[in-house]
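**Q** One-letter residues, chain by chain:
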Amino acid sequence: MKKIVIAALVAAFLAGCQTPAPAPVEDKSGAAGTTSSSSSSGTSTAGTGTSGVTGQTSGYSPLKDPNNILFKRSVYFEFDSFTVADQYKPIVEAHAKYLAANRNAKVTLQGHADERGSREYNIALGQKRADAVKRMMTLLGVQETIVESVSFGKEKPKNMGHDEAAWAENRRVDIIYAGE
Amino acid sequence: MHRSLRLVLAAALFLLSFAVRAQLTIEIVGGAGTAIPIAIVPFAGEAAFPLGVSGVVGADLARSGMFRLINTDSVVPRPSRAEEIQSDVWRGRGADAVVVGSMQSLPDGRVEVRFALMDVVKGSLLTAMTYTVTPAQFRATAHKIADVIYQKLTGDPGVFSTRIAYITKAGARYQLQVADADGADPQTVVTSNEPIISPRWAPDGSRLAYVSFEQKKPVVYVQSLATGARQAVANFRGSNSAPAWSPDGRRLAVTLTKDGGSQLYVMNADGSDARRVMSSNAIDTEAHFSTDGSSLLFTSDRGGSPQIYRLNLGSNAVERLTFEGSYNVSPRPLPDGKGFVFVRRDGGRFQIATQDFGTRQMQVLTSGPVDESPSVAPNGKIILYANESGGRGTLAAVSSDGRVKQRLVSAGTDVREPAWGPYAR
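Order-wise, the sequence lines are chains V and L.
Residues in the first sequence are numbered consecutively from 1, following our numbering.
Residues in the second sequence are numbered consecutively from 1, following our numbering.
So that you can see chain V by itself, here it is in the shape it has in the complex:
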């Protein structure tokens, strides 16, 4: 019993790390009193407990195995760079191989930029990085239709610091599997 709870917590923690719950969005009109809900508002936010149970029953997933290279989901970029550095190529290759073998899998490549400069221009910089990872994956045989490259610009830094080390951690592409 205790073990299951711990396992569920661990799974929930991992799921929480990799898949932030969809954002609940509430609308407020300018006029007082009227509210409307967006169609995309908070669907599966209460699912941390159930996702742990699902993790128990669905068996081993290499994506969730800390000892598997597929557990690595971030590709980092040098300043002003938009090419995948050699040290990160094995990660991209491993995910490309997994995607080729698992035709039902889909990924979103989330590009990110460091905090310096225009928010909108940083969206474009993050996009360029996500596109670079996508290009490498498709060259490795992954179907273009199962990979979507998008950008968060500087809006979601991994490291909240304001120095070179923090910026290096924030210039990245995160590989997110659908359903995570």
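The hints are simulated quantities; they were obtained by calculation from the structure and are not laboratory data.
Among these hints, one or two may not hold up.
Only pairs whose alpha carbons sit at most 27 Å apart, straight line, appear in this in silico DSSO-like list of lysine-lysine [said to hold, decoys possible]: (1) K152/L <-> K122/L; (2) K64/V <-> K89/V; (3) K106/V <-> K156/V; (4) K216/L <-> K158/V; (5) K156/V <-> K169/L; (6) K338/L <-> K156/V; (7) K216/L <-> K72/V; (8) K338/L <-> K258/L; (9) K216/L <-> K89/V; (10) K106/V <-> K169/L; (11) K258/L <-> K97/V; (12) K258/L <-> K89/V; (13) K216/L <-> K106/V; (14) K216/L <-> K97/V; (15) K72/V <-> K106/V; (16) K258/L <-> K216/L; (17) K169/L <-> K158/V; (18) K64/V <-> K216/L; (19) K258/L <-> K156/V; (20) K405/L <-> K152/L; (21) K158/V <-> K89/V; (22) K72/V <-> K89/V; (23) K169/L <-> K338/L; (24) K169/L <-> K405/L; (25) K89/V <-> K106/V; (26) K72/V <-> K97/V; (27) K158/V <-> K72/V; (28) K64/V <-> K158/V.
Take the given structure of chain V and dock chain L to it, following the hints.
**A** What follows is chain L alone, placed relative to chain V:
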């Protein structure tokens, strides 16, 4: 019943929390050397109304940095009509202009607000007006009076009756808010647990376009302020961002990546008929329509570094506008059509600057270090922008001649992405 009660309570708590915490207060950091000395005499009968009008008029004018308020204490009797103003008395106090007025209840519950503006140097009446309003309209009336005074004495239209939009971030909670230009009466338009950026006012002030990441990717929405109804107008594969309204409010320029790379498109405001306006192998983004709608200003790295360009929508000719420095981004046209505001990097400092289309003359307005997202007031005289103070996002404003600087302070929350709304209609 239960549900609606909960909503009302939630709304009440919401409003209360704003009143206590989130309102922006505006401080003058540096003023114009030539501030106009003006005396605003408390209006006759004003004491009967807790909110009053003349205090808001004075606060508006002082906050603009263009006026200096002259003490009106101990002037007895207080004038309330133009003919009661003794010009020599006020000149003796250092005033160039004097505002007097009155407030009187009408039998139907409304209030008659009168004011007069006198040039006491020339001894001439500049204007006198009467408004019949409800007490709920006192603030709006005060802003209108301040607009009239500002225009009479500076020659430019006032923007005290306009509104601003901005994004607040408290923890992981993002809100798009709209407030009066003086920071009063903030209203939340959207709340999300994911970032919101780039709010842009429709030219008639009825809608806001913005970019929300609630679907784990940037999607452009348009939302009505009157009804709260919203629509995803650009939700293509890839990223959708950087909305900008055409001057007639019928079209939006956006940056889409659906066909590869960040490229510029123009579509109808409902999201239909998105057409790519240009093809490049580079980043093209941050488009803004020129004041006359004939061209797009945008940022591109096609020359190797991000610079500002102009696309003529008729001829498709592209012209590079910035050449100084290796990072010039976020162009916004000035309302007079003669130039644009943008962000430049100087060393490691990001600063707000303007540039003239014709002469290419650049003027740096702020010193940075992290100034971004400029937005021009509809009269072209003030530029609102975002920066940081004490590790938090704050808003600031600078006059387009760089002389008056203001800080918009909000306790406790991060504020960013300001957008100045159009003139009230």
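**Q** Any hints this thing doesn't respect? Which numbers, in order?
**A** 6, 8, 10, 23
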